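If you're matching them up, the sequences are chains X and U in order.
Note that UniProt numbering has the first sequence beginning at 1, numbered continuously upward.
Note that UniProt numbering has the second sequence beginning at 1, numbered continuously upward.
Read the hints as simulated data drawn from the structure, not as lab findings.
Predicted model only: the values in this text are computed from it and were never measured.
Check the hints yourself; a few may be wrong.
All copies of an identical chain are treated as equivalent in the list; a pair is satisfied when it fits inside any one copy or across any two copies.
[As the list claims (entries may be wrong)] 25 Å max Cα-Cα, derived PhoX-like pairs, lysine-lysine:
#1 LYS189 to LYS396
#2 LYS217 to LYS228
#3 LYS129 to LYS422
#4 LYS183 to LYS39
#5 LYS189 to LYS422
#6 LYS189 to LYS39
2 protein chains.
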Amino acid sequence: MNIPQTCFPRVVIIGGGFAGLAAARGLEEQELQVVLIDKHNYHTFQPLLYQVATGGLEPDSIAFPLRKRFNDVENFYFRLAEVTNIDADQKEVQTTIGNLAYDYLIIATGSTTNFFGNTNVQKYAMEMKSVPQSLNIRSLILENFEEALLTSNLEDRKKLMNFVIVGGGPTGVELAGALAEMKKEILPKDYPDLDIRLMKINLIQSSGELLKGMSSKASEKAEDFLIKLGVDVWKNLRVLDYNGDVVSTNGEDHFRASTVIWAAGVKGEAIKGLPETCLIERPARYKVDAFNKVVGLPNIFAIGDVACMQSESYPYGHPMMAQPAIQQGKLAAKNILSELKGKALKPFVYNDKGAMATIGRNKAVVDLPKWKFQGVFAWFVWMFVHLFSLIGFRNKAVVFLNWMYNYIRFDRETRLIIRPFKNKNEYSFQEK
Amino acid sequence: MNIPQTCFPRVVIIGGGFAGLAAARGLEEQELQVVLIDKHNYHTFQPLLYQVATGGLEPDSIAFPLRKRFNDVENFYFRLAEVTNIDADQKEVQTTIGNLAYDYLIIATGSTTNFFGNTNVQKYAMEMKSVPQSLNIRSLILENFEEALLTSNLEDRKKLMNFVIVGGGPTGVELAGALAEMKKEILPKDYPDLDIRLMKINLIQSSGELLKGMSSKASEKAEDFLIKLGVDVWKNLRVLDYNGDVVSTNGEDHFRASTVIWAAGVKGEAIKGLPETCLIERPARYKVDAFNKVVGLPNIFAIGDVACMQSESYPYGHPMMAQPAIQQGKLAAKNILSELKGKALKPFVYNDKGAMATIGRNKAVVDLPKWKFQGVFAWFVWMFVHLFSLIGFRNKAVVFLNWMYNYIRFDRETRLIIRPFKNKNEYSFQEK
Numbered sequence: 001m002n003i004p005q006t007c008f009p010r011v012v013i014i015g016g017g018f019a020g021l022a023a024a025r026g027l028e029e030q031e032l033q034v035v036l037i038d039k040h041n042y043h044t045f046q047p048l049l050y051q052v053a054t055g056g057l058e059p060d061s062i063a064f065p066l067r068k069r070f071n072d073v074e075n076f077y078f079r080l081a082e083v084t085n086i087d088a089d090q091k092e093v094q095t096t097i098g099n100l101a102y103d104y105l106i107i108a109t110g111s112t113t114n115f116f117g118n119t120n121v122q123k124y125a126m127e128m129k130s131v132p133q134s135l136n137i138r139s140l141i142l143e144n145f146e147e148a149l150l151t152s153n154l155e156d157r158k159k160l161m162n163f164v165i166v167g168g169g170p171t172g173v174e175l176a177g178a179l180a181e182m183k184k185e186i187l188p189k190d191y192p193d194l195d196i197r198l199m200k201i202n203l204i205q206s207s208g209e210l211l212k213g214m215s216s217k218a219s220e221k222a223e224d225f226l227i228k229l230g231v232d233v234w235k236n237l238r239v240l241d242y243n244g245d246v247v248s249t250n251g252e253d254h255f256r257a258s259t260v261i262w263a264a265g266v267k268g269e270a271i272k273g274l275p276e277t278c279l280i281e282r283p284a285r286y287k288v289d290a291f292n293k294v295v296g297l298p299n300i301f302a303i304g305d306v307a308c309m310q311s312e313s314y315p316y317g318h319p320m321m322a323q324p325a326i327q328q329g330k331l332a333a334k335n336i337l338s339e340l341k342g343k344a345l346k347p348f349v350y351n352d353k354g355a356m357a358t359i360g361r362n363k364a365v366v367d368l369p370k371w372k373f374q375g376v377f378a379w380f381v382w383m384f385v386h387l388f389s390l391i392g393f394r395n396k397a398v399v400f401l402n403w404m405y406n407y408i409r410f411d412r413e414t415r416l417i418i419r420p421f422k423n424k425n426e427y428s429f430q431e432k
Numbered sequence: 001m002n003i004p005q006t007c008f009p010r011v012v013i014i015g016g017g018f019a020g021l022a023a024a025r026g027l028e029e030q031e032l033q034v035v036l037i038d039k040h041n042y043h044t045f046q047p048l049l050y051q052v053a054t055g056g057l058e059p060d061s062i063a064f065p066l067r068k069r070f071n072d073v074e075n076f077y078f079r080l081a082e083v084t085n086i087d088a089d090q091k092e093v094q095t096t097i098g099n100l101a102y103d104y105l106i107i108a109t110g111s112t113t114n115f116f117g118n119t120n121v122q123k124y125a126m127e128m129k130s131v132p133q134s135l136n137i138r139s140l141i142l143e144n145f146e147e148a149l150l151t152s153n154l155e156d157r158k159k160l161m162n163f164v165i166v167g168g169g170p171t172g173v174e175l176a177g178a179l180a181e182m183k184k185e186i187l188p189k190d191y192p193d194l195d196i197r198l199m200k201i202n203l204i205q206s207s208g209e210l211l212k213g214m215s216s217k218a219s220e221k222a223e224d225f226l227i228k229l230g231v232d233v234w235k236n237l238r239v240l241d242y243n244g245d246v247v248s249t250n251g252e253d254h255f256r257a258s259t260v261i262w263a264a265g266v267k268g269e270a271i272k273g274l275p276e277t278c279l280i281e282r283p284a285r286y287k288v289d290a291f292n293k294v295v296g297l298p299n300i301f302a303i304g305d306v307a308c309m310q311s312e313s314y315p316y317g318h319p320m321m322a323q324p325a326i327q328q329g330k331l332a333a334k335n336i337l338s339e340l341k342g343k344a345l346k347p348f349v350y351n352d353k354g355a356m357a358t359i360g361r362n363k364a365v366v367d368l369p370k371w372k373f374q375g376v377f378a379w380f381v382w383m384f385v386h387l388f389s390l391i392g393f394r395n396k397a398v399v400f401l402n403w404m405y406n407y408i409r410f411d412r413e414t415r416l417i418i419r420p421f422k423n424k425n426e427y428s429f430q431e432k
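Here chain X stands alone, though its shape is the one from the complex (with noise of 0.2 Å):
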């Protein structure tokens, strides 16, 4: 992999997602080396993807490219790679570019979409976990509208403008809001010679509540916009199975789409190498100690998604989400730094910050640790902290650019078929 031995110790991160990020920032200018593996040479702020899948954002302002954000830090390699196994016996990782031998190791992974093993749904309903991924949502979404106008069968038709979200959580419901205004205000104009009334905005959800984990009153005015929006929301339905044509489902109820977009689950992007006595089966987190050091093997860290810390207060390891990963990578980093200069590391005690998710033009839900609301101000306040929490001026400036222009305007122009996803051509992209 080319990369110099020194005599300061290595420290391999896998992962430049929230958590790497934050673990390698707090490594920065330390008596370490220090190389960061990511299979992109880009970070994605994964909460905005559903943006740019409904055509209101451009791709490229919600990814950083990783070089850059380590451009003047010595002793810091970045490599472009998979790693495909860990050898804890050995130090070292495999990766396709080459073996590194490390002498601490942070797992920062991240995780993937979980599919319950059903292979069905795997092959033919969407994800939406990289940008890549929600690019081909926005392909879909376009090249079926463009479908149903050419098709004189009715039911065709339908399936075509049929949408399923299977899930309802912060991706699911923020997803299926976007969507609901893309009917709203966007496909009507884009498309006169359809009846937009037979556009269906689907949302299932296993059990009885929307985001699961926020307060309930966050939960129903979730709902409450969503349907004021027209999106037909599912509770207590599980979906079965999906064959490309029909979504069955536990209840009466089945759905004829040609777009089912998966967000019901997702598990830790563990990797090969590790004992399976590390691995939480499902949904296949690292078990780590209260110093995110995955158990039995002290020189390696897993932080973020892909760790399950259990406590207490949390017996299911914390929530999946940027606010645990930020904050474990910091507490990582700082405690390698600690162990190295021979002190007492800390325990991490999460500091929830609380959650949000937006549903529409001017329809969020916000909870604090201490208050609670939704509607106008709260859009306001996640828009706030989404624009800051950004990485980048230029990122930040077009975002708020693009927001600006989409609120006033009511409009989203990055409608465009840049890879078609359906109707494969010589610009396709080669797999799903």
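Position chain U relative to chain X; hints supplied.
This is chain U only, laid out in the frame that chain X set:
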């Protein structure tokens, strides 16, 4: 194609580039039915493709959704399709989504890369005529640098860092300049471990001057600027072949390079079906009369790059660029309306507004009919003209913001490999 038959004559326009868009605008709100067919659902602002390829701009900000442009226009239809054949006897076009009869046909398919029959070059060299192609170049440049970091073989590293641009027209010159600025400002920061002196940018031109068609002052100054930026300019050198490894020429110089960008020629994107006598074989443009009617076919117009109107001042037809396309599009629309009203048609007279090219920061050349100038002021003029010509307020604003940012910070932040081109993976792109 699900387009209603009305009492109005139907005008079918193939292609939503500069020419097709100008024609469509000229036919708005008339007693006509207009059908615009394009294989993309967006208009591409081709003059800025090179900035997408070199990480300076986001692809979405130089593309504009075609449907949006005609949202409020009565009797206007857009169809996303590729035209496969024209049947002039039946007055019908055949497309990937069905057949469509026309009363008037406007062919505005533009141009495509001309490899002059060299299948090797076609297979291994990159082209830059569309947004996805530009994104491929962007991915390839960055992937080559990532790979150069890894190899310990000096010759391989040199090859990966060697860039050959064939063709010294505006595309080649602008791309070479942009690459040279990446070499100066971006790549040494992102790849501090690579010896940036190994990076070579070769611009090969078969004739004795760059920017053929512009003034000799512009040509000389452009060469001057390029050399100052560190580009190796090779004049009077003809590329004979490229086998994916070595570029061979008719001179003594050969180039071992991983990246070859072919900007040495374009040809009309002619469609099958019209009699061969309508085509000028090299470079596959339709012969048109002074009204842009394809010779011998009274109901078919060809405009823009795909049309060749031979005259005393332009024995080989007009230059294949935006201005003649826009002017011909406007006039073709007027002439169709005149013909329908039984009025006399007006012949096309090209109003040559001049030409310009940018080489880099503060470095551009501008030839106006009465004034030719180069340098900082030319660069501001170039920026202003291009910004003003972009379609849509949002695109203008985002491009302006990016340019300001890049100018002030000496930076380009969209150096992202969203879909890898070379080391294909699950996010890749199917074919070149």
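Now for the hints, and whether the structure bears them out:
For the identical chains of this complex, LYS189 and LYS396 are inter-copy neighbours only, at 22 Å across copies versus 29 Å inside a copy, given an alpha-carbon limit of 25 Å. When the C-alpha separation of LYS217 and LYS228 is checked against a cutoff of 25 Å, the pair qualifies only within one copy, where the shortest distance is 16 Å, while the shortest distance between copies is 64 Å. Proximity of LYS129 and LYS422 under a CA criterion of 25 Å is satisfied in both settings, with 19 Å inside one chain copy and 23 Å between copies. Proximity of LYS183 and LYS39 under a CA criterion of 25 Å is satisfied inter-copy only: 24 Å between copies versus 35 Å inside one chain copy.
For the identical chains of this complex, LYS189 and LYS422 are intra-copy neighbours only, at 23 Å inside a copy versus 39 Å across copies, given an alpha-carbon limit of 25 Å. Only between protomers do LYS189 and LYS39 lie at most 25 Å apart by alpha-carbon distance; the minimum there is 20 Å, versus 39 Å within a single protomer.
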